[in-house]
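Novice: Read off the chains here:
2 protein chains.
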Amino acid sequence: MKGFRFSAVEAAIKKPGRLDLALIFSDLPAKVAAVYTTNKVQAAPVIISRERSENGSCRALLVNSGNANACTGEQGMLDALECGRKTAEALGLPDEELLIASTGVIGQQLPMDRFRKGIQPLVDQLDHGTLEDVATAIMTTDTFAKIERREGEAGGTPYSIWGIAKGAGMIQPNMATMLSFLVTDAAVDGAFLKSAFAEAVDGSYNAITVDGDTSTNDTALVIANGAAANPVIKGGTPEGDAFRALLHDLLLSLAKLIVKDGEGATKFVEIRVKGAATNADAKTAALAVANSLLVKTAFFGQDANWGRIIAAVGYSGASVEQQQVEIRFDDVVMASGGIFAGGDAEAAGTRVLQQKEFKVTIDLKLGSGEAAVYTSDLSYDYVRINADYRT
Amino acid sequence: MKGFRFSAVEAAIKKPGRLDLALIFSDLPAKVAAVYTTNKVQAAPVIISRERSENGSCRALLVNSGNANACTGEQGMLDALECGRKTAEALGLPDEELLIASTGVIGQQLPMDRFRKGIQPLVDQLDHGTLEDVATAIMTTDTFAKIERREGEAGGTPYSIWGIAKGAGMIQPNMATMLSFLVTDAAVDGAFLKSAFAEAVDGSYNAITVDGDTSTNDTALVIANGAAANPVIKGGTPEGDAFRALLHDLLLSLAKLIVKDGEGATKFVEIRVKGAATNADAKTAALAVANSLLVKTAFFGQDANWGRIIAAVGYSGASVEQQQVEIRFDDVVMASGGIFAGGDAEAAGTRVLQQKEFKVTIDLKLGSGEAAVYTSDLSYDYVRINADYRT
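Quick mapping for you: the protein sequence lines, in order, are chains A and B.
Using my numbering, you'd call the opening residue of the first sequence number 28 and step up by one each time.
Using my numbering, you'd call the opening residue of the second sequence number 28 and step up by one each time.
Since copy identity is lost for identical chains, a pair holds within one copy or between any two.
Restricting the straight-line Cα-Cα distance to at most 30 Å, the calculated cross-link-like pairs of lysine-lysine (DSSO-like) are:
1) Lys386 <-> Lys67
2) Lys392 <-> Lys67
3) Lys287 <-> Lys42
Hints listed in this document are in silico derivations from the structure and should not be mistaken for laboratory results.
Model the full structure from these sequences, guided by the hints.
Specialist: Below, the structure written as structure tokens:
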């Protein structure tokens with residue numbers, strides 16, 4: 028990746044022995060597009076970065092795990108600003124060119140002594156780190172680092188888009204305890220970058236759900252620094268369309284990795300609703316199914332209990348005529364005309380659910396509305412992980 | 028209880044050795060008021076009983092557990108009607124005077140041979156059963172039968188109200204996989220009975236949540252047969268107010284028993300939101316907290332993680348100013364002005380969560396809106412029970 032440098036250190040914000048403070052730096056002035064949590068309770072770094080990214084330019088991103096700096100009041104704002112200022116100074120940037128992000132426990136003040144000690148080494152190591160290091164440093168309950176790469180070209184000039192993300196609980200549109208950072212050396216028109224990124228987030232991160240909780244810290248952003256020296260990519264052009272498609276594809280891959288790494292997840296399930304009265308209805312119904320505890324525990328138990336699925340559709344608020352509904356597990360028709368399909372559907376459906384990945388298709392047969400949502404099951408380990416998270 | 032008879036038998040709809048078919052019979056013509064599920068997918072007995080109860084009179088109720096007769100199409104309707112007809116015939120009643128209710132697995136046809144065999148013995152034993160037998164027969168994953176009794180008087184004449192209920196999963200306004208049947212020998216004006224009952228349900232069953240799922244079979248009803256021979260209780264009178272209060276108190280007690288018996292529950296938690304912009308906002312925020320998996324697993328883990336609570340309030344959709352929010356665990360202030368209260372709040376809050384019952388109070392300090400919701404924690408056993416339910 029041209030013109031970007033990366034760094035990550037152990038600052039002892041998390042338990043010792045784990046990377047927890049990281050930096051992404053662009054050698055060139057760069058464009059940025061970002062999407063933040065819709066939660067009304069917002070962490071200090073979200074409040075700061077939202078404002079700083081509004082003008083569309085940024086040079087660097089400081090991120091930590093282990094502490095969300097959320098619900099920390101005035102002190103939390105002061106601390107976030109100080110971390111940002113120290114980093115910007117060490118990089119020789121104006122404060123406004125640096126964005127910040129945090130993830131971890133809510134409601135505890137930042138351990139500022141550790142930040143004060145960690146920032147200079149972080150900057151010093153910029154020539155030695157990789158994006159993988161950053162992906163590792165932002166993990167909380169994630170069990171693996173999530174990184175995806177795509178290659179494109181514009182006007183004969185090749186460019187790259189790389190992206191990282193962290194889950195793993197509180198994953199629900201809009202958006203998640205989710206951080207996701209993309210860098211690209213493509214030269215991209217700023218306004219187009221914003222619209223393309225927002226659209227790609229909508230079709231990816233806003234289509235996944237692990238537990239229906241939305242966090243205080245969600246941040247997804249892309250930094251484009253033009254180091255590839257391609258002709259600037261604009262909307263309404265073939266190059267723009269290609270860039271948009273790459274962005275969407277990369278984000279969807281990261282989104283799926285997040286669901287696969289959902290806390291305690293043993294299943295990866297696509298919930299597809301079609302034949303809905305509207306697309307919005309389809310998404311409403313798909314989310315109700317994907318978030319139903321009874322459905323998710325049935326997936327964990329490999330129980331072909333389509334009744335819980337139709338019940339969730341029924342209470343979702345979407346328009347439903349129960350005698351029309353068809354439900355499939357992969358290609359197995361479990362219910363048709365709102366009733367059990369009979370025959371060997373039970374045995375065949377159970378076999379589908381014994382796989383690690385499968386698709387549930389719900390056809391409401393009312394219209395042409397359609398939506399897909401990706402989710403996981405609910406296992407003993409989800410409870411264990413979240414009952415013990417802070418201890 | 029004057030003028031009511033009860034009966035329950037083992038019809039082998041559930042696993043052998045458990046009561047699963049029951050009957051409530053009024054010796055006198057009686058008034059009925061009923062509330063049914065808001066799920067758009069509705070079980071056959073719900074469709075039938077909703078229509079039959081509309082005229083406000085009924086003599087008997089047939090109920091089974093082990094099979095919900097939901098998503099069973101035309102055959103399910105025919106079977107439900109046949110069960111009703113056979114029972115009404117044996118009782119010498121017109122079909123319309125008999126209501127029916129079912130709970131259990133969705134999507135399987137009723138085992139009609141067992142109903143055909145079970146109904147006559149059920150009717151024959153009407154002189155020998157009790158309301159406790161009926162309460163036992165409607166249990167599914169419930170671990171204990173739920174029954175409450177209240178005594179009142181009107182114009183110097185004593186009367187009784189008895190009620191039973193079943194939970195235990197899919198408990199969420201409006202309403203639950205919940206059946207609840209009340210009988211009273213009071214003479215009550217029909218229109219008043221309807222409004223008083225609907226109001227009491229709203230303040231009780233519609234204020235509890237176990238897992239956010241709403242079932243296809245919810246039915247709550249009260250049958251009043253006037254056998255106490257009191258002056259008819261009407262609205263807008265002291266007797267009406269007293270009856271209304273008793274009804275609400277009885278239903279709230281049953282509702283709390285349902286939450287205490289929530290699947291796998293180890294905690295009983297009252298979530299009280301006050302200072303909200305409106306009562307509706309307060310209920311929205313309280314439900315978001317009560318249904319948050321992250322909050323519920325923290326309760327299970329006895330983790331005083333108030334950050335997850337404020338995060339749930341933030342994404343609930345209710346108006347929130349984060350720097351105003353105060354959160355208490357019983358009397359312990361955990362957060363004030365949106366930030367951690369400090370001192371020994373962590374230790375004291377943890378001690379509160381180690382109790383089996385406690386109260387979480389969230390003061391938004393925006394207005395005078397207030398609401399209480401009752402919920403349970405999310406334990407390993409919730410997952411076990413629901414992963415294995417059908418097996």
